[in-house]
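*Asks:* Okay, here's what each chain looks like letter by letter:
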Amino acid sequence: MATFPRHRLAAVALAAAGALLVSGCGSDTGAEDGKITLTVDVFGQFGYEQLYQEYMDANPGVKIVERGTGGNLDEYSPRLTQWLAAGKGAGDVVAIEEGLMVEYKANPDNFVNLLDHGAAELKGNFLEWKWNQGLTADGQKLIGLGTDVGGMAICYRSDLFAKAGLPTDREEVSKLWPTWDDYITVGERFKAANTGASFLDAATNTFNTIVLQTAGNAQGYHYYDTSENLVVDSNPAVKQAWDTTMKIINAGLSGKYGSWSEEWVSAFKQAKFATIACPAWMTGVIEGYAGPEAKGKWDIARVPGDGGNWGGSHLAVPAQSKHQEEAIKLAKFLTSPQGQIGAFKTKGPLPSSPQALEDPAIAEASNAYFSDAPVGKIFGEGAKTLKPVYMGPKNQAVRTEVENAVRTVELGQRNPDQGWQDAVNNAKKAAAK
Amino acid sequence: MALQLDARPPVTPTPGRSRPSRVGRLSRIDAKYSPYLYIAPFFVIFAIFGAWPLAYTFWVSLHDWDLLGSDPDFIGAANYTQLLADSDFWHSVVNTLGIFVLSTVPQLLLALWLANLLNRQLRMRTGWRMAVLVPNVTSTAAVAIVFGVLFGREFGMINWLLDLVGMDGIEWKANRFASWVAISTMVDWRWTGYNALIFLAAMQAIPRDLYEAAAIDGANRARQFWSVTVPLLKPTIIFCVIISTIGGLQLFTEPRLFHSGTNPIRGGPLRESQTMTMYMFENAFAPYYNFGYGSAVAWLLFALIAIVAAINVLIIRRLGASARPPEARRKGGSR
Chain A
1 MATFPRHRLA
11 AVALAAAGAL
21 LVSGCGSDTG
31 AEDGKITLTV
41 DVFGQFGYEQ
51 LYQEYMDANP
61 GVKIVERGTG
71 GNLDEYSPRL
81 TQWLAAGKGA
91 GDVVAIEEGL
101 MVEYKANPDN
111 FVNLLDHGAA
121 ELKGNFLEWK
131 WNQGLTADGQ
141 KLIGLGTDVG
151 GMAICYRSDL
161 FAKAGLPTDR
171 EEVSKLWPTW
181 DDYITVGERF
191 KAANTGASFL
201 DAATNTFNTI
211 VLQTAGNAQG
221 YHYYDTSENL
231 VVDSNPAVKQ
241 AWDTTMKIIN
251 AGLSGKYGSW
261 SEEWVSAFKQ
271 AKFATIACPA
281 WMTGVIEGYA
291 GPEAKGKWDI
301 ARVPGDGGNW
311 GGSHLAVPAQ
321 SKHQEEAIKL
331 AKFLTSPQGQ
341 IGAFKTKGPL
351 PSSPQALEDP
361 AIAEASNAYF
371 SDAPVGKIFG
381 EGAKTLKPVY
391 MGPKNQAVRT
401 EVENAVRTVE
411 LGQRNPDQGW
421 QDAVNNAKKA
431 AAK
Chain B
1 MALQLDARPP
11 VTPTPGRSRP
21 SRVGRLSRID
31 AKYSPYLYIA
41 PFFVIFAIFG
51 AWPLAYTFWV
61 SLHDWDLLGS
71 DPDFIGAANY
81 TQLLADSDFW
91 HSVVNTLGIF
101 VLSTVPQLLL
111 ALWLANLLNR
121 QLRMRTGWRM
131 AVLVPNVTST
141 AAVAIVFGVL
151 FGREFGMINW
161 LLDLVGMDGI
171 EWKANRFASW
181 VAISTMVDWR
191 WTGYNALIFL
201 AAMQAIPRDL
211 YEAAAIDGAN
221 RARQFWSVTV
231 PLLKPTIIFC
241 VIISTIGGLQ
251 LFTEPRLFHS
261 GTNPIRGGPL
271 RESQTMTMYM
281 FENAFAPYYN
291 FGYGSAVAWL
301 LFALIAIVAA
311 INVLIIRRLG
321 ASARPPEARR
331 KGGSR
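Chains as they are written, first to last, in full-length UniProt numbering: chain A, 1 to 433; chain B, 1 to 335.
Source of the hints: derived by calculation from the structure; they are not laboratory data.
Note that the structure is predicted; figures quoted are calculated from it, not measured.
Watch out, some of these pointers could steer you wrong.
To be verified - According to the in silico footprint, chain B covers these stretches of chain A (three or more CB under 8 Å from chain B):
hint: 1; stretch: 130-141
hint: 2; stretch: 263-271
hint: 3; stretch: 300-307
What the hints assert, rightly or not - Sample of chain B residues facing chain A (criterion: CB under 8 Å; computed from the structure):
hint: 4; residue: 52
hint: 5; residue: 53
hint: 6; residue: 68
hint: 7; residue: 69
hint: 8; residue: 149
hint: 9; residue: 152
hint: 10; residue: 155
hint: 11; residue: 159
hint: 12; residue: 263
hint: 13; residue: 270
Here a beta-carbon is modelled for each residue, glycine too, at the ideal position from N, C-alpha and C.
Given only the sequences and the hints, what does the whole structure look like? Please build it.
*Replies:* Set out below in structure tokens:
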């Protein structure tokens, strides 16, 4: 009997050693029939498949392998951080979401300074604020080249709107909700029609949309001010967004499907909600989750309130890459105006390059899945005048706490006042960690 | 060689004398140290994968260590003092212990009962014995994901069944006790059969004549079970309890994959089922990347396991020491 634990331990040790060997082989980016293999790490839908093929055709010495499409940002970012901390395992080109950019910029030595590799001349290819997001505070190092911006819209199911006796045409739907209060009124009408579906997916998504819009239109920051002080409790934009969200919850409009959860995905499939806050990159997510059977049932209307931006990413090259020069070349290609247009055509992420936004391929683009909605026009117009929101050092952790507080109210675990207290206290705690 | 040396003893006396003594010394060394060499692989592997990470984690826990930062600052025990005053940490300790008790107690009782059944004359006995192990060979991740779906609020099968019998659905993922029950179910489904087989092996080692003697003394089956089987299983029960303790207190995959969506590492909006290992991960990795603080959690987890294991052993020793099981336990028995 005494041998049991030892066998177990030995087996575990062997398994661990085996796993190390396997992963050691897996991350080997060595040449294969004389080719260089470049690994690209992404999350969600970047829409690069076509571009890889194009790039490989033009550069026969390069083979591109992508990891992570369809994955969740919450799972991707810790993995990336571990790879960077371990000095091993990261791809040659990695995607960084804007909310996490400040954290990665705090330790810029983990990445190649793209300014040392002739990136400075590309500045004009990007919206100014997008370029600056990739730049360290002292302006000496550029760790990321912009891929997409989020923009803001509302995606809705026209079949459910028809069932509820609401207009289905996107122009008319847009006119229904000039403000968030109007959006709530429409929601109440929808709810009264008893379609069996909720008006919106989750209050957290709507809250994030409202807070980014309100903050962008006001001071240009939400949880942190531009001097990196935590201002969750004193920033009127945050409280205003909170109060609007509470009205949505009180009206019973939310389906409470925790965003990115399995239930959320099921709710997409079963048409359990009618509207969702919809940055450009969300269109690819909806298409992926709602599936081909919902093609033509979705449409896109303008967002209540005035514009806004949610999300968008950068591509960076980790310093640990063994093929830095090749990786930089690929990153430049993927973020070039042509690359951004290609990605947009495949999966819909909105370009961060003014040239691409003005290109007819974008400006006149429509999306067949969304009932031929003119996505280029809907998202593109707002993108050029978009007012970005500054993201502070612990933005992701603070955002998590505030959204969790929204979630507890939505689920009825807390009343709005308790929820707000939780949001403020937990945000402070998170920022101090 | 030896013959040649023997043939010319006077010519080379010095090497002849020294050689046997060197061989002798070597063989003494051999006899004395080679057993250590034979068991060395285990200890070398343990040192690399067990002891070294343990020591290194402790070293890290004494620093303000940003996972991506370059120069961690030595801050002594500050992480530990902060942690001991951290309500979220104690919340996770309570969750861990709650889930541990809720899963381990029924699991071991059920395993004991199963083992007792399997120890009888049954048709297809080997088949049954193999069958109880099947849940254990499925991947934990798959089990957790399937159970996560079963216990869904709106699309889950459990709530659908509750609805069929006219009960309100339960918010399995955002209700503290309900999420503990759901996760314990997962753990029990996987580990009951495994423990049953270990109990069964031990039961088969109990001599039959003890049962015959008990039967002659008029003991019925239940009495035989509590007065003969259970006391003789004491060492096995201690083993199972300790292994379950270590596993139960390190519970991670089940509760982590039970929750999906944004930031599942919290284990629910109010951390309803966040275990200590999840809290460790949340701090050491996303979203805090505070490696020092996470390491401090890891060490306190280690301390907690040691304490709980010691308490286990004490309780079981005391139970086993009393010759007759208390009346209450007979009533609590399976039949």
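*Asks:* Each of the hints needs a verdict: does it hold here or not?
*Replies:* For each hint, the structure was consulted:
Counting residues of the stretch 130-141 of chain A whose beta-carbon sits less than 8 Å from any beta-carbon of chain B gives 0, not enough to reach three: the coverage restraint is violated. A stretch counts as covered by a chain when three or more of its residues have a beta carbon under 8 Å from one of that chain; for the stretch 263-271 of chain A and chain B the count is 5, and the coverage holds. Taking a C-beta to C-beta cut-off of 8 Å, the stretch 300-307 of chain A contributes 0 residues in contact with chain B, too few for the three needed, and the coverage statement is violated. For residue 52(B), the suggested interface contact is broken, since its CB lies about 12 Å from the closest CB of chain A, more than 8 Å.
For residue 53(B), the shortest C-beta to C-beta distance to chain A is roughly 11 Å, which exceeds 8 Å, and the interface hint is violated. A hinted interface residue such as residue 68(B) counts as satisfied when its beta carbon comes closer than 8 Å to some beta carbon of chain A; here the least separation is about 4 Å, so the hint holds. The beta carbon of residue 69(B) comes within 6 Å of a beta carbon in chain A, closer than 8 Å, and the hint placing it at the interface holds. A distance limit of 8 Å between C-beta atoms decides the matter here; for residue 149(B) the minimum to chain A is near 6 Å, and the interface restraint holds.
The criterion of a C-beta within 8 Å of any C-beta in chain A is met by residue 152(B), whose closest approach is roughly 6 Å, and the hint holds. With 8 Å as the threshold, the beta carbon of residue 155(B) comes within range of chain A, its nearest partner Cβ sitting at about 5 Å, so the hint holds. Hint on residue 159(B) is violated. Least Cβ distance to chain A is approximately 11 Å, over the 8 Å limit. About 5 Å separates the beta-carbon of residue 263(B) from the nearest beta-carbon of chain A, less than 8 Å, and the hint is met.
Contact between residue 270(B) and chain A, as hinted, is supported at the beta carbon level, the nearest pair being about 6 Å apart and thus within 8 Å.
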